[in-house]
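Chains as they are written, first to last, in this note's numbering: chain Y, 1 to 113; chain L, 1 to 109.
Please keep in mind that the hints were generated in silico from the structure rather than gathered at the bench. All C-beta atoms in this analysis are idealised placements derived from N, C-alpha and C, irrespective of residue type, glycine included. Keep in mind that the hints are not guaranteed to be accurate.
Here are a few chain Y residues that sit away from chain L, every Cβ distance over 12 angstroms (derived from the structure) [stated by the list, open to error]: (1) Asn51; (2) Glu78; (3) Glu83; (4) Gln84; (5) Glu101; (6) Arg109.
Derived DSBU-like pairs: lysine-lysine, alpha-carbon spacing no greater than 30 angstroms straight-line [said to hold, decoys possible]: (7) Lys42(L) to Lys57(Y); (8) Lys11(Y) to Lys45(L); (9) Lys45(L) to Lys79(L); (10) Lys14(Y) to Lys42(L); (11) Lys57(Y) to Lys71(Y); (12) Lys71(Y) to Lys11(Y); (13) Lys42(L) to Lys11(Y); (14) Lys71(Y) to Lys45(L); (15) Lys71(Y) to Lys42(L); (16) Lys79(L) to Lys57(Y).
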Amino acid sequence: DTGVSQDPRHKITKRGQNVTFRCDPISEHNRLYWYRQTLGQGPEFLTYFQNEAQLEKSRLLSDRFSAERPKGSFSTLEIQRTEQGDSAMYLCAIQTLSSYEQYFGPGTRLTVT
Amino acid sequence: RKEVEQDPGPFNVPEGATVAFNCTYSNSASQSFFWYRQDCRKEPKLLMSVYSSGNEDGRFTAQLNRASQYISLLIRDSKLSDSATYLCVVNVDTDKLIFGTGTRLQVFP
Numbered sequence: 001d002t003g004v005s006q007d008p009r010h011k012i013t014k015r016g017q018n019v020t021f022r023c024d025p026i027s028e029h030n031r032l033y034w035y036r037q038t039l040g041q042g043p044e045f046l047t048y049f050q051n052e053a054q055l056e057k058s059r060l061l062s063d064r065f066s067a068e069r070p071k072g073s074f075s076t077l078e079i080q081r082t083e084q085g086d087s088a089m090y091l092c093a094i095q096t097l098s099s100y101e102q103y104f105g106p107g108t109r110l111t112v113t
Numbered sequence: 001r002k003e004v005e006q007d008p009g010p011f012n013v014p015e016g017a018t019v020a021f022n023c024t025y026s027n028s029a030s031q032s033f034f035w036y037r038q039d040c041r042k043e044p045k046l047l048m049s050v051y052s053s054g055n056e057d058g059r060f061t062a063q064l065n066r067a068s069q070y071i072s073l074l075i076r077d078s079k080l081s082d083s084a085t086y087l088c089v090v091n092v093d094t095d096k097l098i099f100g101t102g103t104r105l106q107v108f109p
């Protein structure tokens with residue numbers, strides 16, 4: 001158990017709809033990351049938070065994507081006006097304070113039809 | 001050029017075999033190095049961090065060559081349960097992880 005839960009685990013949506021994913025670290029970690037993984041590729045960085053501050057966003061994160069971490073604990077990732085190219089696994093990870101190791105949640109698999 | 005490059009495989013090996021995976025990275029400022037294991041449709045799981053002096057964890061040995069910007073993973077006495085995709089990962093500027101595309105290993109009886 002990595003101490004990270006994600007909800008939902010699977011999401012099927014129609015193109016043009018908005019979706020929101022949630023990531024809940026079990027214990028407090030100051031850094032929380034979002035990655036996206038498509039078939040046959042490694043995870044790609046999207047954004048990360050240190051406490052509630054969003055410190056970096058990848059150019060992969062178009063204007064349709066927004067992430068929040070309002071109280072420095074759980075985080076949400078919203079995709080507006082979904083496109084078929086958004087179909088992927090969305091992974092949340094936490095980083096320990098003592099090292100640069102990151103531990104991933106089970107992911108949310110998004111399918112846009 | 002990709003920041004982290006790996007041979008995608010698949011590597012098909014019999015149980016008990018020794019198999020080695022290699023990885024190169026392009027950013028000489030990379031500071032931390034890892035191998036993650038990923039099973040089909042699951043999240044990546046940290047296998048081991050890679051230290052400059054090389055390190056071993058049971059049947060797994062990782063090596064780092066900073067001069068050549070090269071990382072390796074050796075698996076001895078392969079088990080069926082080692083079948084998975086192995087992701088080479090680097091950390092630049094202590095922030096985000098950069099993943100390779102992964103090397104698929106299939107161990108057969």
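Hints and how they fare:
no.: 1; hint: Asn51; result: holds, 15 angstroms
no.: 2; hint: Glu78; result: holds, 20 angstroms
no.: 3; hint: Glu83; result: holds, 22 angstroms
no.: 4; hint: Gln84; result: holds, 19 angstroms
no.: 5; hint: Glu101; result: violated, 6 angstroms
no.: 6; hint: Arg109; result: violated, 8 angstroms
no.: 7; hint: Lys42(L) to Lys57(Y); result: holds, 24 angstroms
no.: 8; hint: Lys11(Y) to Lys45(L); result: holds, 22 angstroms
no.: 9; hint: Lys45(L) to Lys79(L); result: holds, 18 angstroms
no.: 10; hint: Lys14(Y) to Lys42(L); result: holds, 24 angstroms
no.: 11; hint: Lys57(Y) to Lys71(Y); result: holds, 19 angstroms
no.: 12; hint: Lys71(Y) to Lys11(Y); result: holds, 25 angstroms
no.: 13; hint: Lys42(L) to Lys11(Y); result: holds, 15 angstroms
no.: 14; hint: Lys71(Y) to Lys45(L); result: holds, 27 angstroms
no.: 15; hint: Lys71(Y) to Lys42(L); result: holds, 28 angstroms
no.: 16; hint: Lys79(L) to Lys57(Y); result: violated, 40 angstroms
Violated hints for the displayed structure, listed by number in ascending order: 5, 6, 16.
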